[in-house]
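**Q** In case you want the letters, here they are:
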Amino acid sequence: MTTLATQYAREWFGGVGRGAILCRDIASSLLHAKVRWRDVIYQMYFIGVKSQSVVAITGAFTGMVLCAQTAFQFHKVKMDTATLAVVSVGMGSELGPVLTGLMVAGRVGAAIAAELGTMRVTEQIDALRTLAANPIDFLVVPRFVATLLVMPLLTVESICLGILAAYIVAVFLLGINSTYVWYNMIHYTHTNDMLTGIIKTFIFGAIVAVISCDKGMNCPDGAEGVGRATTEAVVYSSITILISNFFLTLLLQRLLP
Amino acid sequence: MIIEVRDVKKSFGSLAVLQGVTFSVEKGEALCIIGTSGCGKSVLLKHLVGLITPDSGEIAIDGRNIAGLDERELMPVRRMFGMLFQSAALFDSMTVEENVGFVLNRERKSSPQEIAQRIEDVLDLVGLSGIQKKMPAELSGGMRKRVGLARAVAYRPQILLYDEPTTGLDPIAADTIDQLIIRVVEKLKVTSIAVTHDMRSARRISRRILMLHEGRIYADQTPDELFKSADPVIYRFVNGISDQEKEVKK
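Taken in order, these protein sequences are the chains called A and B.
Numbered according to my numbering, the first sequence spans residues 1 to 257.
Numbered according to my numbering, the second sequence spans residues 1001 to 1250.
Chain A with its partners taken away, still in its complex shape:
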């Protein structure tokens, strides 16, 4: 039991250490090497454009269900017109960034870990090194920069679609007055609520990129190794997003009251 706990602790600290070293290498690469913008744009296309359907469906249906559930509860205390305000603040500061982060971790994190993992086990990363190309500059930085740039855009899209879908549910399905529901949403949603969500997206983007690249670059040999790296990239990214979201909420509440 103790041995197992020690092994888990060693693996966890090892992972955190590798992540920290990777962050340092990325920072060093951004300072010393030219960013390969062609690769960044390709990755932005892959991460951003190809994630549209997943993010849009998640945002819209989360907004709809949140609206319906809030309206059912608020109806009991005759506060139906405050429904969209709850949806807007909830989507903007919490659900939008977290769910987009989880969706990107599932779709993009898995793809990054599998691609880099396959390159590692087929010696393509070693080949890059022997050709005097730094894999951090060539493989990691474009994915990191692209994820960081695309995450806020995807999150804003998810929030907007969530609010729009919630508005449709509130007004056309539940029959809530459209003027009051819209007015209350504008009145009770503050800039800081949205800013909190946007700041979180950069951090969640960095979490997905760093964990997925680390898992891919340090993938164990063989098909099983690539499979394990892919699974771990998704699981660790998702868990880290959920845990860090709580602490970020507390911190940003202090900084942006």
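Calculated directly from the structure, the hints in this document are not laboratory data.
Built from N, CA and C at the ideal position, the CB exists for glycine as well.
Treat the hints with care, as some may be off.
Ranges between beta-carbon positions, derived for each pair [what the hints assert, rightly or not]: (1) PHE247(A) to SER1037(B): 46 to 54 Å; (2) PHE247(A) to GLU1107(B): 41 to 49 Å; (3) ASN218(A) to MET1135(B): 25 to 33 Å; (4) SER53(A) to GLY1063(B): 55 to 63 Å.
Residues on chain A that point at chain B, a partial pick, calculated with CB under 8 Å [as the list claims (entries may be wrong)]: (5) THR122; (6) LEU131; (7) ALA132; (8) ALA133; (9) ASN134.
Just a sample of chain B residues kept apart from chain A, beta carbon distances all over 12 Å, derived [stated by the list, open to error]: (10) GLU1114; (11) ILE1115; (12) ARG1118; (13) ARG1216.
Chain A is fixed; fit chain B onto it per the hints.
**A** Relative to chain A, chain B alone:
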């Protein structure tokens, strides 16, 4: 001496793979490192180009100790090397042309026409003219190795490393690779180090053979001396005779 390896030790966990390897290579020399599977030949080769860092010891390339250098400091040293990997390690998202011209395109020291010409020349050298637009997935194992060789020589490195160049190939394809290695060494006057357990290949492509055994250099001889050796370890390896007593004990 273009390469000097002094008392290099490397362990993976409790497994001591290299236990004090020392040898040197002169400029223009054609060398082969042989040994049983898993004895650390590829690990030793990867040390030379800085893909693996030794636990202790020195590796001097053109007089500069590379042990302990970071990725960025290693880049100019690696520019001296070309390496043919066991699996060829072609970038599967790039065409043959992009693979072969990888370094030239990155350095941008030549015009696109000059780069295209160089790619054509090296593909011609390995006998694969006209496949520039093909993807690695469309090539056979032997063709992939030849493209890997073309990529390794395209930017005219000073030292060529071959990791098991003939492993997994049929005898005809293996012979083609051997001939190519000989042609490249003669034509480009590069230092060549090959790791193999294919004795026929080792005899043909090298002028000196090092045998790695139990983590150390066990023999450092010419191919003829090695093939005539009466030493039981060398004799058994060269002639492919297993140690029955040891096998039974295992």
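**Q** With reference to the structure, classify each hint as holding or not holding.
**A** Hint check:
1. PHE247(A) to SER1037(B): 46 to 54 Å: 50 Å, holds
2. PHE247(A) to GLU1107(B): 41 to 49 Å: Cβ of PHE247(A) to Cβ of GLU1107(B): about 46 Å, so the range 41 to 49 Å holds.
3. ASN218(A) to MET1135(B): 25 to 33 Å: Hint holds: Cβ distance 27 Å, inside 25 to 33 Å.
4. SER53(A) to GLY1063(B): 55 to 63 Å: 58 Å, holds
5. THR122: 6 Å, holds
6. LEU131: Hint on LEU131(A): holds, closest Cβ of chain B at ~5 Å, below 8 Å.
7. ALA132: Constraint on ALA132(A) satisfied, holds at 5 Å.
8. ALA133: 7 Å, holds
9. ASN134: 5 Å, holds
10. GLU1114: 19 Å, holds
11. ILE1115: 15 Å, holds
12. ARG1118: 15 Å, holds
13. ARG1216: 25 Å, holds
Figure legend: structure checked against the earlier numbered hints; every hint is met.
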